[in-house]
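Participant: The chain contents come next:
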Amino acid sequence: MADKQTELLQGTLDMLILKALGLGPLHGLGISRRIEQVTRGTFHVKPGSLFPALHRMEEEGWLSSHWGESENNRKAKYYQLTKTGRRQLETETERWGRISLAIERALEAS
Amino acid sequence: MRHLRRIAAFFRNLTGRRATDRDLDAEVLAHLDLLAEEKMRQGMPPIEARRAARIDLGGLEQVKEEVRGARSGVLVEQLWQDARYGVRQLRRNPGFAAVAVITLALGIGANTAVFSVVNAVLLRQLPFSEPDQLVTISEGDSDSAANTTVDFTTTQDLAARSRSFQSVALSREGSGALLEGGEPERITGRRVGHEFFDTLRVNMALGRNFRAEEDRSDNRRFVILSHALWVRRFGSDPNIVGRVVHLTDAPFVVVGVLPADFHGQLVPGSENLPEIYTALGYSASDSFACRGCQHLRLIGRLKPGVTVAQASAELKSIMSGIVSEHPASYAQSTTIHVESLRDQVTGGVGVALWVLLGAAGFVLLIACSNVANLILARASGRHREMALRAALGAGRRRLAAQLLTETLLLALAGGAAGGALAHWGTQLLVALAPARIPRLNEIHLEVRVLLFALGASVLTGVLSGLLPALRAGRVQLNDALKDSAKSTDARERHGARNVLVTAQIALAFVLAVGAGLMARTIVHLLGVNPGYDAHNVLTLATFVYGKRYQQPEVELNYYQQAFDRLQSIPGIESVAMTSVLPMEGFDRRGFHIQDRPRANESDAPSADTYSVSPGYFRVMKIPLLRGRDFMRTDAPGTEAVAIISESCARAMFPNEDPIGKHIQLGGRDDKQPWFTIVGIVGDIRQYGLDRPPAMEAYIAQAQDLNFGYWLVARTTSDPRLLERSVRAAFLEVDKTLPVFLFKPLEDYVASTLAERQFTLALLALFGLLALTLAAVGIYGVVSYLVNQRTREVGIRIALGAARADVLGMILREGLGLVGIGLAVGFIASLGLTRLLLALLFEVRPADLPTAAGVAALLAAVTLFACYLPARRASRVDPMIALRHE
Numbered sequence: 737m738a739d740k741q742t743e744l745l746q747g748t749l750d751m752l753i754l755k756a757l758g759l760g761p762l763h764g765l766g767i768s769r770r771i772e773q774v775t776r777g778t779f780h781v782k783p784g785s786l787f788p789a790l791h792r793m794e795e796e797g798w799l800s801s802h803w804g805e806s807e808n809n810r811k812a813k814y815y816q817l818t819k820t821g822r823r824q825l826e827t828e829t830e831r832w833g834r835i836s837l838a839i840e841r842a843l844e845a846s
Numbered sequence: 014m015r016h017l018r019r020i021a022a023f024f025r026n027l028t029g030r031r032a033t034d035r036d037l038d039a040e041v042l043a044h045l046d047l048l049a050e051e052k053m054r055q056g057m058p059p060i061e062a063r064r065a066a067r068i069d070l071g072g073l074e075q076v077k078e079e080v081r082g083a084r085s086g087v088l089v090e091q092l093w094q095d096a097r098y099g100v101r102q103l104r105r106n107p108g109f110a111a112v113a114v115i116t117l118a119l120g121i122g123a124n125t126a127v128f129s130v131v132n133a134v135l136l137r138q139l140p141f142s143e144p145d146q147l148v149t150i151s152e153g154d155s156d157s158a159a160n161t162t163v164d165f166t167t168t169q170d171l172a173a174r175s176r177s178f179q180s181v182a183l184s185r186e187g188s189g190a191l192l193e194g195g196e197p198e199r200i201t202g203r204r205v206g207h208e209f210f211d212t213l214r215v216n217m218a219l220g221r222n223f224r225a226e227e228d229r230s231d232n233r234r235f236v237i238l239s240h241a242l243w244v245r246r247f248g249s250d251p252n253i254v255g256r257v258v259h260l261t262d263a264p265f266v267v268v269g270v271l272p273a274d275f276h277g278q279l280v281p282g283s284e285n286l287p288e289i290y291t292a293l294g295y296s297a298s299d300s301f302a303c304r305g306c307q308h309l310r311l312i313g314r315l316k317p318g319v320t321v322a323q324a325s326a327e328l329k330s331i332m333s334g335i336v337s338e339h340p341a342s343y344a345q346s347t348t349i350h351v352e353s354l355r356d357q358v359t360g361g362v363g364v365a366l367w368v369l370l371g372a373a374g375f376v377l378l379i380a381c382s383n384v385a386n387l388i389l390a391r392a393s394g395r396h397r398e399m400a401l402r403a404a405l406g407a408g409r410r411r412l413a414a415q416l417l418t419e420t421l422l423l424a425l426a427g428g429a430a431g432g433a434l435a436h437w438g439t440q441l442l443v444a445l446a447p448a449r450i451p452r453l454n455e456i457h458l459e460v461r462v463l464l465f466a467l468g469a470s471v472l473t474g475v476l477s478g479l480l481p482a483l484r485a486g487r488v489q490l491n492d493a494l495k496d497s498a499k500s501t502d503a504r505e506r507h508g509a510r511n512v513l514v515t516a517q518i519a520l521a522f523v524l525a526v527g528a529g530l531m532a533r534t535i536v537h538l539l540g541v542n543p544g545y546d547a548h549n550v551l552t553l554a555t556f557v558y559g560k561r562y563q564q565p566e567v568e569l570n571y572y573q574q575a576f577d578r579l580q581s582i583p584g585i586e587s588v589a590m591t592s593v594l595p596m597e598g599f600d601r602r603g604f605h606i607q608d609r610p611r612a613n614e615s616d617a618p619s620a621d622t623y624s625v626s627p628g629y630f631r632v633m634k635i636p637l638l639r640g641r642d643f644m645r646t647d648a649p650g651t652e653a654v655a656i657i658s659e660s661c662a663r664a665m666f667p668n669e670d671p672i673g674k675h676i677q678l679g680g681r682d683d684k685q686p687w688f689t690i691v692g693i694v695g696d697i698r699q700y701g702l703d704r705p706p707a708m709e710a711y712i713a714q715a716q717d718l719n720f721g722y723w724l725v726a727r728t729t730s731d732p733r734l735l736e737r738s739v740r741a742a743f744l745e746v747d748k749t750l751p752v753f754l755f756k757p758l759e760d761y762v763a764s765t766l767a768e769r770q771f772t773l774a775l776l777a778l779f780g781l782l783a784l785t786l787a788a789v790g791i792y793g794v795v796s797y798l799v800n801q802r803t804r805e806v807g808i809r810i811a812l813g814a815a816r817a818d819v820l821g822m823i824l825r826e827g828l829g830l831v832g833i834g835l836a837v838g839f840i841a842s843l844g845l846t847r848l849l850l851a852l853l854f855e856v857r858p859a860d861l862p863t864a865a866g867v868a869a870l871l872a873a874v875t876l877f878a879c880y881l882p883a884r885r886a887s888r889v890d891p892m893i894a895l896r897h898e
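Quick note, the sequences are listed as chains A and B, same order.
Heads up: the first sequence begins at 737 in this note's numbering, then just goes up one per residue.
Heads up: the second sequence begins at 14 in this note's numbering, then just goes up one per residue.
So that you can see chain A by itself, here it is in the shape it has in the complex (with noise of 0.2 Å):
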């Protein structure tokens, strides 16, 4: 998926990286590749997008971050939901879901 539409879907960035810590911390590769995975390949993250994003949201405070070990003992920054985060979820996933509908309903609509 090109930068630009990525760009165009800010608010949708905040919430698929959302999501995706939502089972567990991850570093910042495998939340790309955990959004490709659920999202069946639609949304490639390019890190020029994902690290703007991860460092404004862990300053919004929805993320927290450490420094941990990948599978094969490398060192990476790992990721996670805090309390605000999982709030954040929630409404995220709320007010997309009105979205979806709203949209839906006016696609059909005609």
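Any given hint could be a false lead.
[To be verified] Listed below are the simulated DSS-like cross-link pairs for lysine-lysine, each with C-alpha atoms no more than 30 Å apart in a straight line:
{"#": "1", "chain 1": "A", "residue 1": "K782", "chain 2": "B", "residue 2": "K52"}
{"#": "2", "chain 1": "B", "residue 1": "K77", "chain 2": "B", "residue 2": "K52"}
{"#": "3", "chain 1": "B", "residue 1": "K684", "chain 2": "B", "residue 2": "K634"}
{"#": "4", "chain 1": "A", "residue 1": "K811", "chain 2": "B", "residue 2": "K77"}
{"#": "5", "chain 1": "B", "residue 1": "K52", "chain 2": "A", "residue 2": "K755"}
Just so you know, these hints were derived from the structure itself, not from any lab.
Since this is a predicted model, take the numbers as computed values, not measurements.
Since the structure of chain A is already known, use the hints to place chain B on it.
Facilitator: Frame of chain A, contents of chain B only:
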């Protein structure tokens, strides 16, 4: 909570920038490792995998820059970074920085100096409580706004019928001689109605205001002192209230002392800063209180919510009622003018000052475009730097912001230097300014002026940095790094610089035309013959008072004795007296002809009237055209005589001989004697060199004594040198009488030119500044062009082009710019010079000779600025030129 966290992050990002940056470094590198590992697991050889990972990542530095850009406080951080970088850049290039800062300092300094004058004179509130409620009221013809006075009885009627005012107050001239507390001194004063200080809302520092019962013709000997006079003559005596002081001839009781911050000179009629205020004390039965006896000034305080226009409409309608009730007392066209005190105070100087502020604004625009040009020129040198920074992840906005920050730094430095310049400039302005400009003594740097300078600096920075910054955003990475795009891009860049230079020349042209028009105006005015010869004439004022001088013969004797003594002073050729001095005050009286009664005598035309001693025309060198001069024998008891001016004779007696006709001046009264016209003299200009002569009538001093006279003495050398001996001659006759206002007559004539000379001086200064800056600007552009084309010129010369051809080629480019600039400037000047109309005299705003002269001057200077680099080009050594770059 959330905000707290963001604020915390903001400060962590700013203070712990190194730590967060190291962390980011590690994170991105780790990501790269993980990516490579993933690819190796998929079977890629290690080196391939690392390469692919790098491509996937899309540039380490770019990613990091993106993250930094997403953080809180990024703007502050970047600003700080840009500022420090900017300072380093400017220090590396001190020549550029110095030229830019000096240019901006000149522009900002000129603007701030003029603005501080405009601020003090035009913008700042008058120092009275609720000053917008204060107005001046005057009677006059419907079209002449020049009249400023009212009479007592009409004022009483107006005040009784009007609903617009909280209060109105009359005042009149009331100077007197003060004998207490030192040498006899003539003190400037006003006689004021008891409502005067309440209308202005002034509270006394000591004592109290006048009471209504202290403002009656039988009970008016009460005085209020200015703070300065109280300090100077009475040693700040705290018990002054109730004390009796002698003014001129009578005892007055001190009732109050004004506060030190009372700005009495701002009240119309009080321009010479009165130091004593006595009660007006008029009653309707006084002869000088009559309808039509206009000699009083009237101020009023509007009720809250009433506008000047409403009050004016109300008084106009009341006045037309009064005129129809007393048709014989007023000219049919008599009406009332109401003007806000503020407009009255700033009066005619507004135009000149706004013109100057506009001119200073032009200088600033030129300075801006010059600096923009400098930055553009430098930007081409920094092309590669910009490309490199773009390659390292700086976005367009970042690059633009960087350049803008640099320009702002320059502008702020320029603003600081300009502020210092403005400090001197303001003092210079105050020194140069004509005395007529009010409130100049109140000029000082204040918050509003400093804010103006700061605003001007920021605006300058943005204006001059915007174009270069926008361009910096358009870096073509590959081309720039390879440096192959130079020729095409250079042309485009050049286009912008050409536009700036053209604009500069246009602006300079407009300024120079303004200065040229003012110069021509002054030349025209200096060429005007005022009707008298003001060179080497000493003037002074004197008046008599007291019981001893109640008989006119005694007063005349005082003057005669002074004459006798004056005539024996070496250096004095001849002396005479007049009740009104040219260019100083006036005394207009109705002009009545005996055999031509009018239905309504108030409709009679008026003539400037002078009560003069024999010999006045000889001293002033006013030519006697027909008939005879006044003589000593024209005394009380003999036939009353008058002399009229040429214009007056032509207007009043078009087809007959005026000599021998009988006239009266003032009101027509058949019981009073009629004056017989015995002579005709040349016209004079009473109100200014630019005002055509009106009708003038002269009467003999001995037959119609006025209160107060001016001495005019023709001298053989500088009249100032004679002041002491002339004063001594008067004091020998009577040492209790005041003699004051020693001044050469030329000073009065010069003061009518002062405002225009001030405007001219500043316009010329700004024009010169603009011309210099524009010349520097075009020099820069042509130099740049020559540098760009060195190789081309080298080839041309190598191929046999004559050096003159090369010179011509470069000059033609410059000529094109100058030509367009002048054309644009000419069109702009057609519109803008109209603003000068009020200041011009016998020159039209669209004056072709001025425009042509200015164009020639500008073309000469700017072409010389082109010639220098063009000559350099023509001397290019082809061998060196071909190796250029």
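Participant: If a hint holds in the structure, say so; if it doesn't, say that too.
Facilitator: Structure-based check of all given hints:
no.	hint	verdict
1	A/K782 <-> B/K52	16 Å, holds
2	B/K77 <-> B/K52	22 Å, holds
3	B/K684 <-> B/K634	36 Å, violated
4	A/K811 <-> B/K77	18 Å, holds
5	B/K52 <-> A/K755	26 Å, holds
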